[in-house]
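Peer 1: Residue numbers (the working numbering), protein chains in the order written: chain H, 4 to 756; chain P, 36 to 186.
Hint data in this document are derived by calculation from the structure and do not stem from the laboratory. Hints are not guaranteed to be accurate.
Said to hold, decoys possible - Each computed DSS-like pair below joins lysine-lysine, with the alpha-carbon atoms no more than 30 Å apart: (1) H:466 - H:326; (2) H:217 - P:179; (3) H:429 - P:121; (4) H:600 - P:179; (5) H:250 - H:97; (6) H:743 - H:600; (7) H:100 - P:121; (8) H:684 - H:314; (9) H:97 - P:121; (10) H:217 - P:113; (11) H:217 - P:103; (12) H:369 - H:326; (13) P:149 - H:193; (14) P:103 - P:150; (15) P:121 - H:203; (16) P:121 - H:217; (17) P:103 - H:203; (18) H:466 - H:517; (19) H:97 - P:113; (20) H:169 - H:195; (21) H:195 - H:600; (22) P:113 - H:100.
Here is how the chains run, residue by residue.
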Amino acid sequence: MNTIANVSRRRFIAGGVIATGALVLGVHYYPRLSASDQLPHDTNADHARLHPSVYLGINPDGTVWIVAHRSEMGTTSRTTLPLVVADELDADWKRVKIEQAIGDQRYGDQNTDGSHSIRSYYDAMREAGATARFMLIQAAAKEWGVPAAECETDLHVVVHRSTNRKVAYGELARAAAKLPVPKREDLKLKAKGSWRYIGKGEVSYDLAALVTGKAVYGMDARADGMVYASVERPPVLGGKVKSYDHKAALQVAGVRQIIPVDPFQGAPGFQPLGGIAVIADNTWAAFQGRKKLNISWDHGANESYNSEPYKNQLRETSHNPCKVVRNVGDADAVFAKGGKIHEADYYVPLLAHAAMEPLVALAECKDGKATLWAPTQNPQAAQDMVSKELGIPKQDVICNVTLLGGGFGRKSKPDYVAEAAVLSKKTGRPVKVVWTREDDIKFDYYNAVASMYLKAAVGPNGKPTAWLQRSVFPPIPSIFDVNAVYGDPGHLQQGWTDIPYDLPHLRVENGPAKAHVRIGWLRSVANIYHAFAVQCFTDELAHAAGRDPVDYLLDLIGNPRTIDFTGVQYPNYGASMNAYPWDTGRLRHVTEMVAEKSGWGKRKHGKGTGIGIAAHRSFLTYVATVVEVEVNDQGEVRIPRVDTVLDAGLVVNPEATRAQFEGAAVFGASVVRSGEITATKGAINQSNFQDYPVARMNEAPQQTNVHIVESDAPPAGVGEPGVPPFIAAFCNAIFAATGKRVRDLPISKLGLS
Amino acid sequence: MIELKVNGAEQSFNGVPEMPLLWYLRDILGLTGSKFGCGVGLCGACTVHVNGEATRSCVTLMRDTSGKEVTTIEGLGKNGLHPVQKAWMQVNVPQCGYCQVGQIMQAAALLNGKKKLTDHDIDDAMSGNICRCGTYQRIRAAIKAAAETTA
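Here chain H stands alone, though its shape is the one from the complex (with noise of 0.2 Å):
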């Protein structure tokens, strides 16, 4: 991608209108589309004096403006990606002020998921700092008549020794301006022993808002006149309103009115659910309002759908023959020899995101225009759902992203924008959408329940000679296309075409499954079900054999290599297989060192304690993960402790990696612990925590240690990859703890909590 040429081929779509003068912030925070506004998007950096770049601007006052491209929703990308630019452009980073971009097609791909924000954009960043520095360079040689090679920078500073001066940043702007923004190969970036900001990290640029109050999320996003709305939804997916009744809601004190909301047409995709939306004063009144709603439902097809047939369905069709997805010599030919044979059902249900803050959005639609105001991950399908819900053009909705209270991939998926402002167009007000937690959990795109089956023949020594497995689950392109029932490559990568053992016979096959509720991406999505399998299986066979399981996952493992995929569908989550190889020597240094980390063999673990390991590539990051648990007579499960090494090649921002994996394994904890969706004739059972618990203070790990490989590798993702580990470590440390195999999640099933 090249952001210099995005910036000017935009001036140019724009006919070369560029407003002056500072952009007056809306009155919310958030920019507001009017009639009169030419460029209603722009941002200060745009205004800044010298704007090299879409991501930044600086003033002759020395503020640097950098543009946060990229959601906020507590992995630190909205401060990390701008102090790339920062370190590249020598800038003192309390100078600098980060501002959020909207929605808008000039700055890339925003979709904040997958954790790739620093994998893809490293380069970008680095090159729009390099290229301000690289201007501020010239400028302040040519005022000075001395060659640019004799000028460097510091702090904010241009400055050449030989003659001992010094021009600020801020003084050179007017200047910089003037001259011809370099060409991408001209750039001269900073060689590692000068960065000042990469692989130190800073602390998030919005820390002291997030502990006064005074951060503003989706939830908090006020406009004048701004009306409330709570919508009932059809529990079952795909249903419709047979007939309702509104006169006891009406009633309710503060209630407005009633609004019926299409369904959506085909497949769900990120279109509203439809339902009946209460429209009132304040979120309490819509709430109240919405209980004494009386609709009768048509529930539609889906209503055949119960979570324990549906499972044993599963389970059945991995019992058969599957499409194969990768294959090595003839596990079939080893497996007919007889012998001993090792085999397994695994099993992960749907599960819930269940973000802090529930879903929420703020229309304001006017003039055939459309202001947004959404905690988003992805504010480009925003518009464009809303482009096509109300029918205008895409140019004409501005999505403004507030941060985001957890997102974890639900919030990718822009359903609850549309609904807002399909309901502002009918009310003709600013309408904010407020979903219960009920709602939250009962309308989620979920992560897929799977059902694994695996089998492997031993030969002497332990180790498979032969090994199959089978994954079976409702795919994610489902809510795009109803008739989808295989996983697609992007998702069957994640786990299961890529185990990494060095295996003479391996087959790895997928079944179809047929989806009847929405399926969407959960943080780290199939591996979560693949890694469990996969790593919990492996333990058993450690076990079987009477090894050492950390041992046995080396002997697996094999030697260092890089995976061949030859004749296989692997998109190596979208980056190149030069700069990013499936590297097994890197598997197993994160293993070794997890196992020298935790004291693995050192410590003594007494009755009812254990440990396990397991290790996984997510996300181009390999992790190696250690587990300690304690579990007393009643069957409580305490972690006393967790040691996780992660090798994510260069880690620009190690204290908010760390934080990632402390929270991956919290995150994992619930999981394994108490995730759990059902549903009984297609409408889901679960509806607030309660009944759908999440890993609470007592519940998570005490200690969670983590160890960054130093590696001068591309950067490779953080947000997701600590929580596959982490639940089959878990897993494997309830059964040195207890000796009960966790095969079907959650534990509770077990008897444990």
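Since the structure of chain H is already known, use the hints to place chain P on it.
Peer 2: Relative to the frame of chain H, chain P by itself:
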């Protein structure tokens, strides 16, 4: 008419007395620091102080606030940041931050007057507050740090 004090200021409310305090604070007074997380007192995101006690504002009805003193995050630090807020920054607790206001209000009430806190005390007091990002070990560390500065 319900008379109460919010962050030291006299307020009167003549709406529906069954309205939960949370929505009065957020939608009527515009004090959006207190968060909506579950609506049934299970997550703690809405925690405020009522007469100094940590209270779930989402299940506290306005009719029960008559004559009470309510403190929200907006009124917590009388002179700048409260020691708990300082500790939260020092330990770099928040990730998304949405639950942290409730966590801070809960922790501030816990610390009030206490000098020594064990892990068990902290777990007991804080287990009603959910953090989905999973910042619990930092919350525990921050509470200990704050206890040291206030002791």
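Peer 1: Against this structure, judge whether each hint is valid.
Peer 2: How the hints compare with the structure:
no., hint, in the structure
1, H:466 - H:326, "26 Å, holds"
2, H:217 - P:179, "24 Å, holds"
3, H:429 - P:121, "46 Å, violated"
4, H:600 - P:179, "26 Å, holds"
5, H:250 - H:97, "57 Å, violated"
6, H:743 - H:600, "26 Å, holds"
7, H:100 - P:121, "22 Å, holds"
8, H:684 - H:314, "14 Å, holds"
9, H:97 - P:121, "19 Å, holds"
10, H:217 - P:113, "16 Å, holds"
11, H:217 - P:103, "24 Å, holds"
12, H:369 - H:326, "51 Å, violated"
13, P:149 - H:193, "51 Å, violated"
14, P:103 - P:150, "27 Å, holds"
15, P:121 - H:203, "22 Å, holds"
16, P:121 - H:217, "15 Å, holds"
17, P:103 - H:203, "48 Å, violated"
18, H:466 - H:517, "36 Å, violated"
19, H:97 - P:113, "26 Å, holds"
20, H:169 - H:195, "23 Å, holds"
21, H:195 - H:600, "28 Å, holds"
22, P:113 - H:100, "28 Å, holds"
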